[in-house]
Amino acid sequence: MEKTLDSSFFRMVNDGLTEEDIRMMSPLVWAYVGDGVYELLVRTYVVKRGLSTQKLHRLSSGKVSAKGQLKFYESIKSHLDEEEESIFRRGRNAHSYTMAKNMTVGEYRAATGLEALFGYLYLMKREERILKLFQLGMEG
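Here the sequence shown is numbered in the numbering used here, starting from 256 and rising by one per residue.
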């Protein structure tokens, strides 16, 4: 299987957080972080195609949209362990003050769940797991 990114990138900024600190965070905080992690992974993945920036934007936008994230989740859910599935559910079920735009509430919540999972794994410094799930999702 092709290695998508060098995982050393993820070892940057969260040294001051303990595992307990991370577990006690709101799932919406995990989703806030995970939104950036997931988008960076997608952008890095699509840039390898050598397309114009307009086409890159169109391709990555489809993958980071709520519908794209729901499809991504569907392709990885059978590979999640119990803790990861719990993190996804907590993110999906978290009460957000933001309204879904151009998508169903279910799609929006699933996207939040996926972002929460990626944010949680990033904060817990489980970069190899992030990369594995990302590869599975992009292949799915």
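These aren't lab readings, by the way, just hints derived from the structure by calculation.
Bear in mind that the values here come from a model prediction, so they are computed numbers and not experimental data.
Among the clues, some could well be false.
Claimed, not checked - Computed cross-link-like contacts, SDA-like style, restricted to lysine to any residue with a CA-CA straight-line distance of at most 20 angstroms:
1. K303 to L386
2. K318 to K380
3. K380 to K303
4. K332 to K387
5. K356 to Y287
6. K326 to S307
Said to hold, decoys possible - Per label pair, the in silico range of CB-to-CB distance:
7. L391 to M280: 37 to 43 angstroms
8. T308 to M279: 25 to 31 angstroms
9. R278 to G395: 38 to 44 angstroms
10. K387 to M354: 20 to 26 angstroms
11. D336 to R298: 35 to 41 angstroms
12. E275 to R304: 38 to 44 angstroms
13. M279 to G305: 16 to 22 angstroms
14. K332 to T299: 20 to 26 angstroms
15. K326 to M280: 34 to 40 angstroms
16. K310 to D276: 24 to 30 angstroms
17. L295 to K356: 18 to 24 angstroms
We treat Cβ as the ideally placed atom computed from N, Cα and C, and that holds for glycine.
### Task
Sort out which numbered hints this structure fails and list those numbers smallest first.
Hint check: 2, 3, 6, 7, 8, 9, 10, 11, 13, 15 and 16 fail, others pass.
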